[in-house]
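Asker: Each chain is listed here by its residues.
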Amino acid sequence: MAEYVIMPKLGFNMEKGTVVKWLVREGDLVKEQDEILEIETDKTVMPVEAQTSGILRKILVAEGEEVPVTLPIAIIAGKDEDISKMIDEAYQKLGKTEVVEKEESKVDRKVSPVIEESQEIEAKKEKEEFKKISPGARRKAKELGVEVESVEGSGPGGVVIEKDVISYYQNHQVKVSPVAQKIAEKVGVDLGTIKGTGIGGKKMKRDLQEILTKGEEVNKTEKRISYTGMRKIIGDRLSQSKFTAPHIYFTTSVDISRIIALLKRFNQDVEERISINDFLVFVAARVLVEQPNINCSLLGEEIVYHKDINIGVAVALEEGLIVPVMKNADKKSLSVLSKEIKKLIRLARERKLMPEDYNGGTFTISNLGMYGVDNFTAIINPPEAAILTVGTAKRVPVVIEEKGAEKIEVRSLIEATLSVDHRLIDGAKAANFLKRLKHYLEFPESLVLC
Amino acid sequence: MKSKFKEIKSYDLDKEKVLKMYQDMLKIRYFENKITDLYSKGLMPGLAHLYIGEEAVAVGVCTNLTERDFAVSTHRGHGHLIAQGADLKKMMAEVLGKETGYCKGKSGSMHIMDVSKGILGANGIVGAGIPIATGSAYSAKLRGTDQVTISFFGEAASNQGTFHESINMAAAWKLPVVYICENNLYGISVDIRKVTATKDLAVRAKAYNIPGVVVDGNDVLEVYKVTKEAVERARKGEGPSLIECKTYRWKGHHVGDPGKVYRLEKETEEWKERCPIKTFRERLIKEKILSEEELSLIEKNTKEMIKEAADFAIQSPYPDEKEAYEDLFVEEKGVEVK
Amino acid sequence: MKVKKITYAQAVAEAIDEEMQRDNDVILLGEDVGILGGNFKATVGLYEKYGEWRVRDTPISENSFTGLGLGAALTGLRPIVEIMFGDFLMLALDQIGNQAAKIRYMSGGQAKVPLTIRTTLGGGRSSAAQHSQSLQALVCHIPGLKVVVPSSAAEAKGLLKTAIRDDNPVIFFENKMEYNKIYEVPEEEYTIPFGVANILREGEDITIVGTSNQALNALKAAEELTKEGIEAEIIDPRTLVPLDKNTIIKSVKKTGRLLIVDEGYERCGAAGEIAMSILKDVFYYLDGPIERLTTANLPLPFSPVLEFPIIPDEKKIYQKAKEMVKG
Chain U
12 MAEYVIMPKL GFNMEKGTVV KWLVREGDLV KEQDEILEIE TDKTVMPVEA
62 QTSGILRKIL VAEGEEVPVT LPIAIIAGKD EDISKMIDEA YQKLGKTEVV
112 EKEESKVDRK VSPVIEESQE IEAKKEKEEF KKISPGARRK AKELGVEVES
162 VEGSGPGGVV IEKDVISYYQ NHQVKVSPVA QKIAEKVGVD LGTIKGTGIG
212 GKKMKRDLQE ILTKGEEVNK TEKRISYTGM RKIIGDRLSQ SKFTAPHIYF
262 TTSVDISRII ALLKRFNQDV EERISINDFL VFVAARVLVE QPNINCSLLG
312 EEIVYHKDIN IGVAVALEEG LIVPVMKNAD KKSLSVLSKE IKKLIRLARE
362 RKLMPEDYNG GTFTISNLGM YGVDNFTAII NPPEAAILTV GTAKRVPVVI
412 EEKGAEKIEV RSLIEATLSV DHRLIDGAKA ANFLKRLKHY LEFPESLVLC
Chain X
19 MKSKFKEIKS YDLDKEKVLK MYQDMLKIRY FENKITDLYS KGLMPGLAHL
69 YIGEEAVAVG VCTNLTERDF AVSTHRGHGH LIAQGADLKK MMAEVLGKET
119 GYCKGKSGSM HIMDVSKGIL GANGIVGAGI PIATGSAYSA KLRGTDQVTI
169 SFFGEAASNQ GTFHESINMA AAWKLPVVYI CENNLYGISV DIRKVTATKD
219 LAVRAKAYNI PGVVVDGNDV LEVYKVTKEA VERARKGEGP SLIECKTYRW
269 KGHHVGDPGK VYRLEKETEE WKERCPIKTF RERLIKEKIL SEEELSLIEK
319 NTKEMIKEAA DFAIQSPYPD EKEAYEDLFV EEKGVEVK
Chain W
7 MKVKKITYAQ AVAEAIDEEM QRDNDVILLG EDVGILGGNF KATVGLYEKY
57 GEWRVRDTPI SENSFTGLGL GAALTGLRPI VEIMFGDFLM LALDQIGNQA
107 AKIRYMSGGQ AKVPLTIRTT LGGGRSSAAQ HSQSLQALVC HIPGLKVVVP
157 SSAAEAKGLL KTAIRDDNPV IFFENKMEYN KIYEVPEEEY TIPFGVANIL
207 REGEDITIVG TSNQALNALK AAEELTKEGI EAEIIDPRTL VPLDKNTIIK
257 SVKKTGRLLI VDEGYERCGA AGEIAMSILK DVFYYLDGPI ERLTTANLPL
307 PFSPVLEFPI IPDEKKIYQK AKEMVKG
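Protein chains in written order, with my numbering: chain U, 12 to 461; chain X, 19 to 356; chain W, 7 to 333.
Hints are supplied without guarantee of correctness; some may be wrong.
What the hints assert, rightly or not - No more than 25 angstroms apart at the CA atoms, straight line, and that leaves these computed lysine-lysine pairs for PhoX-like:
| hint | chain 1 | residue 1 | chain 2 | residue 2 |
| --- | --- | --- | --- | --- |
| 1 | U | Lys142 | W | Lys286 |
| 2 | U | Lys449 | U | Lys342 |
| 3 | X | Lys340 | W | Lys286 |
| 4 | X | Lys192 | W | Lys55 |
| 5 | U | Lys142 | W | Lys326 |
| 6 | U | Lys174 | W | Lys328 |
| 7 | U | Lys143 | W | Lys259 |
| 8 | U | Lys143 | W | Lys260 |
| 9 | U | Lys142 | W | Lys332 |
| 10 | W | Lys286 | U | Lys174 |
| 11 | U | Lys142 | W | Lys118 |
| 12 | U | Lys143 | W | Lys332 |
| 13 | W | Lys328 | U | Lys142 |
| 14 | X | Lys304 | X | Lys33 |
| 15 | W | Lys286 | X | Lys135 |
| 16 | U | Lys142 | W | Lys259 |
| 17 | W | Lys259 | U | Lys174 |
| 18 | W | Lys286 | U | Lys153 |
| 19 | W | Lys118 | X | Lys107 |
| 20 | W | Lys118 | U | Lys143 |
| 21 | U | Lys174 | W | Lys260 |
| 22 | W | Lys259 | U | Lys153 |
| 23 | W | Lys233 | U | Lys174 |
| 24 | X | Lys340 | W | Lys251 |
| 25 | W | Lys332 | U | Lys174 |
| 26 | X | Lys116 | W | Lys118 |
| 27 | W | Lys328 | U | Lys143 |
| 28 | U | Lys20 | U | Lys104 |
| 29 | W | Lys326 | U | Lys143 |
For the record, the hints were derived by calculation from the structure and aren't laboratory data.
Please build the complete structure, drawing on both the sequences and the hints.
Answerer: So, in C-alpha cells, the structure goes:
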C-alpha cells in the first residue's frame with residue numbers, strides 16, 4: 012500500500028516546485044486529504060494534500076529543495092512495510108547519490124539537533140548521531156529553565172554536562188535592572204553586548220549611559236531572515252530577466268485630464284468604481300491588438316507571437332510582487348475588466364491566487380502612481396517582451412494650442428515608461444506603442460472605433 | 019544383632035532416673051509421631067527428619083548431662099533436643115513455623131536452638147556441628163569450667179573432613195568433648211557399609227589416639243553407661259572419646275520418605291523388633307521396676323504433653339512479615355540489613 | 007595528636023594485643039599465629055604474652071578451626087580466627103557462610119556470634135592464582151557477615167579493635183602488600199566505627215571510591231590529576247558491610263562522576279555492588295556513567311609482566327579518571 016507523494020504539477024507551465032515546509036514529520040500518521048506540505052511554484056505557496064492514508068515513512072526532499080514536477084518527494088506506507096526499494100528508486104530518479112540507510116527503528120525525534128554555532132563533535136558516524144546529554148545536565152537544565160538541546164557539550168565525546176548548562180545559563184541570562192531594561196528597549200540596544208557592573212554582573216543604567224555618552228556605536232539589533240521562498244523565486248527570475256534580455260526604455264507623458272473627466276462620468280453610473288489603472292489595461296490591450304509585435308516571447312530559438320492578449324497587473328505584497336493576469340483583455344469591456352482586476356487583486360492580496368490566475372501573461376502593467384513616483388523603469392516579466400510602468404498623476408502647467416494660439420493650462424499628467432526586450436522589439440516599435448497609447452488615453456473617444 | 023540386656027539393677031540407677039529415661043524416650047517417640055500426623059495434615063511447612071527408632075541414643079547420652087553442659091545436634095535433632103529438656107511447645111511451634119517457636123519461625127526443624135539450655139542447635143549441614151562442638155569444648159577448657167560438650171553426628175558425617183579435623187584438634191588439645199556417632203546405617207540412601215572400608219567407625223578413634231567404643235544404640239542403659247564414662251573422662255580433663263551407637267531409623271530420611279527403596283523390608287522389620295522403647299518397657303516390667311499401671315500412666319501423661327504442645331503450636335500465630343528483617347546482627351533491629 | 011611510625015603488621019598486632027589485654031575472652035587462633043608470630047608478622051609477641059590457650063597454633067584445618075572458633079564464640083569467648091590467605095576462605099566457607107553468618111538469625115536472636123575472622127587480600131607479589139585473590143565480594147554476598155577493608159595501618163588498627171568488640175561475625179581483610187610498610191599511627195588508643203566512610207581528599211570533578219589500599223592509590227593518583235586541573239574526591243569506604251552509602255551519594259551529587267576501584271575480580275565484585283547500591287540516588291546528578299577499575303576476570307598469573315597489567319594501580323586510576331573527566 013506504499014505510495015509516493017510527488018511534486019505536483021499545478022500549472023501548465025510549472026516545471027519545478029520547491030518544498031517550502033513539511034507539515035508532518037516522518038513517522039506521523041496521515042489521512043487522505045490531510046495537508047502534508049507546502050510547495051512554492053513561481054509565485055505562490057500552495058498546500059499539498061495526501062493522496063492516500065498511512066504513515067509518512069520517509070521524506071525524500073527536504074525543505075528548500077527544488078525538484079521537477081511528478082518526481083517523488085516522500086513515501087506514505089504502512090508502519091512496518093518495507094520501503095527500501097522505493098527509497099532507492101526514488102533517489103535514483105531524484106539524482107541523489109546519497110547512500111540510503113536501511114530503514115531501522117525510528118530516529119530518536121525527541122532530541123533536536125544543535126541549531127546554534129556548534130564546534131562539531133568529532134563526528135563518530137554511529138548508527139544514530141544524537142546529542143548526548145547527561146542526567147546531571149538534564150536536571151540542571153530543568154532547574155534553570157534552560158533548553159538543554161541548545162547547550163554545547165564539553166564532556167568527553169561531546170556530552171553535555173552539568174557545568175555546560177550552568178555556563179550557558181549564566182551567559183544567556185541577562186541580569187538587568189528595570190531602568191536599564193527600559194532604556195535599552197527604547198534605544199534599541201542589545202543588552203547582550205553591554206557589560207554589567209552591578210552585583211553578579213547585573214546590567215545597570217550607568218552601564219548604558221556610559222556607552223551612550225562615550226558615543227560608541229550602539230549595536231542595533233539586526234534582523235535576519237533567510238532569502239528563500241517567494242522572494243527568492245521572484246528575485247531569481249528578475250535577475251535572470253535583467254541579465255538576459257537587453258532592456259531599452261521609452262517614456263512619454265500623457266495628459267489624462269479627459270480620462271479623469273470621463274471616469275467621473277462613468278463612475279456615477281456603475282456600482283464599482285472604475286480606476287485609471289483599469290482604463291490603462293483596457294487601452295493597452297487595444298494597442299497590443301494593433302501591435303502584435305509587442306505581444307510576443309522568445310522561447311528557445313523561436314519568437315512566439317501570442318494569439319491571446321493577457322495583461323498582468325502588478326500587485327505589491329509584503330513578500331514581493333505578484334502579477335495576476337487578465338486573460339483576453341482585448342475582448343473584455345472596461346467594466347468587465349475593472350471587475351476582474353479588482354477580484355484578482357483581492358485574491359492576490361489574500362494569497363489565494365491559483366496558477367491559472369497568474370500564468371500565461373503576455374504583457375505587464377505596473378502602476379506605482381499611488382506612491383507619488385514620477386516614473387520608474389521596470390524589469391520585464393519573463394517570458395514577456397515588454398512591461399509598461401506608470402507614475403503618479405501630477406497637476407502641471409502645459410502648453411496648449413487652441414485656435415492657433417498657445418496658452419498655458421494646468422492639466423493632469425502621468426508619465427508612462429515602456430521597457431522592452433531589444434532582442435525582440437526595436438525602438439521604433441516601442442515608441443509607436445507609446446504613441447498609440449498616449450493617443451487613446453488623450454482621445455478616449457477614438458476607442459469607439461476599436 | 020541379638021542383644022543381651024543386662025539387668026537394669028546392675029547399672030546402679032535410682033528409679034526416678036529410670037523412669038525419666040523411659041518417659042524421655044516416649045516423649046521423643048510421641049513427638050515424632052505427632053509431627054508425622056501434622057505433616058500429613060499439611061500443617062507443617064518444609065521437612066522434618068524423624069528420630070523414631072533411635073530414642074535410646076539421645077536419652078542414654080543426655081541423661082548424663084547437666085543444664086550447664088553443651089550439645090550440638092544434627093538435622094535429625096528432635097531427639098537430642100527433647101532429651102536435653104527442651105520445651106515441647108516451643109519445639110512444636112517452631113516446626114510449624116510459628117512466632118512462638120524457639121526461633122520465632124526462623125529456623126524450622128533443622129536448626130532449633132535453645133541457648134539457655136546449652137543446646138547449640140541442630141544443624142542442616144552434615145558434619146558442620148562437629149567443629150562447633152569442639153569449639154565449645156575449647157571454650158570450656160579455656161575458661162576453666164568442667165562443662166562437657168556432646169557432639170552428635172551420624173555415621174555419614176564421620177566421612178566429612180570436619181570429623182577428622184575436629185577430633186584431631188580435640189585429641190591434640192585434650193578437649194572436654196564426647197563424640198557420639200549415631201550409626202543408623204544409611205545416609206539418605208547410601209549404605210555406610212558400601213562407602214567405608216571398616217565395619218565399625220569407632221576404630222577411627224585409634225587414628226587420633228582416643229578411646230573408641232561401640233555400643234548397642236537401642237539399649238538405653240548401655241548407651242548411658244558408656245557415655246557416663248566418656249563424660250567423666252572429659253570432665254577430668256582427659257580429653258575426648260568416640261562412641262559409636264549402632265541403631266536404626268524406622269522411617270525414611272525425612273518425613274514423607276518411605277525409606278524402602280534402598281533398604282530391605284526384612285532388615286527394617288528386624289530392627290523394629292528391637293525397638294528401644296518396647297524392649298526397655300519389657301525389661302522394666304520383667305524386673306518389676308515399674309508396674310503396668312505406672313507405665314500406662316506415664317504413657318498417658320506423655321501423650322497429653324505432646325497433645326498440649328501440638329495444640330499450642332497449631333493455635334499460635336505466624337510471625338509478622340517484618341520480622342524477617344530482624345535478628346541478623348546484634349545491634350540492629352528491623353534496620354536495613356546492610 | 008601524637009603519632010608513632012610503625013608497620014601495618016605491627017599495627018595489627020597492637021590492635022589484637024590491646025583487645026586481648028582488655029578482655030580475657032579474646033583469643034586468637036590460626037596457622038602460625040603463635041610461635042612464629044604470623045606468616046606476615048602480624049601477631050608477633052602475642053604467644054609469648056598470652057600463652058598457648060589464648061594464642062593457638064592450629065593444624066591445617068581451615069573449615070574446622072573456623073568452626074571451632076564459632077563454637078567458642080557461642081559459648082562465651084571472643085575468638086579471632088586467622089585464615090592466612092583470602093584464597094583459603096573458600097575452604098572454610100561452610101563454617102563462615104552457612105554457620106557463623108546464619109546462627110544468630112536461625113536461632114531467632116538467641117545466639118550471638120562475636121567471631122572475627124582475619125584474612126588477607128591483594129596481589130602483586132607474584133604469588134600467583136591461588137594466593138593472590140581479593141575475595142571480599144564473596145563474603146559480602148552472604149547476609150549475616152560484616153566485611154571490613156581497611157586502607158592504611160592506622161585504619162586497620164582502629165577498625166580491627168571495633169571488629170573484635172563487635173558481637174557479630176566480622177570478616178577483616180588485611181592487605182598483604184601493606185604489612186611491611188611504615189605508617190603513622192596515633193599513639194593513644196582509638197577505635198574506628200563501622201559504616202562510616204572516610205573522605206581522604208575533597209574535590210569537585212570526580213569521586214573515586216577505593217577499597218582497601220586502592221584508596222591510597224587513588225589518593226596518589228589525585229596528586230597527579232590535580233596537575234591536569236582535575237580535582238578528585240577520594241573516599242575510603244572502610245567497611246563494605248555495612249556500607250556508608252550516604253557519604254558516597256553526597257560526594258557524587260557534587261562531582262557528577264564516580265570511579266570505583268576494587269582489587270576483586272570485575273564480575274560480581276564489590277565495585278559493581280557499590281555502583282548499583284547508590285545509582286538510584288545519584289542518577290540524575292551524573293555527568294557520565296559510573297565506572298569501575300578492578301582485576302580482570304582471570305586467575306592471577308605468576309610472571310609480573312602478566313600480573314601487573316591486570317590489577318588496579320595508581321597509574322591506571324589516574325588514566326581512567328582523566329578519561330572520564332576529559333575524554
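Asker: Find the hints from earlier in the document that the structure breaks and name them by number, from lowest to highest.
Answerer: 11, 15, 20
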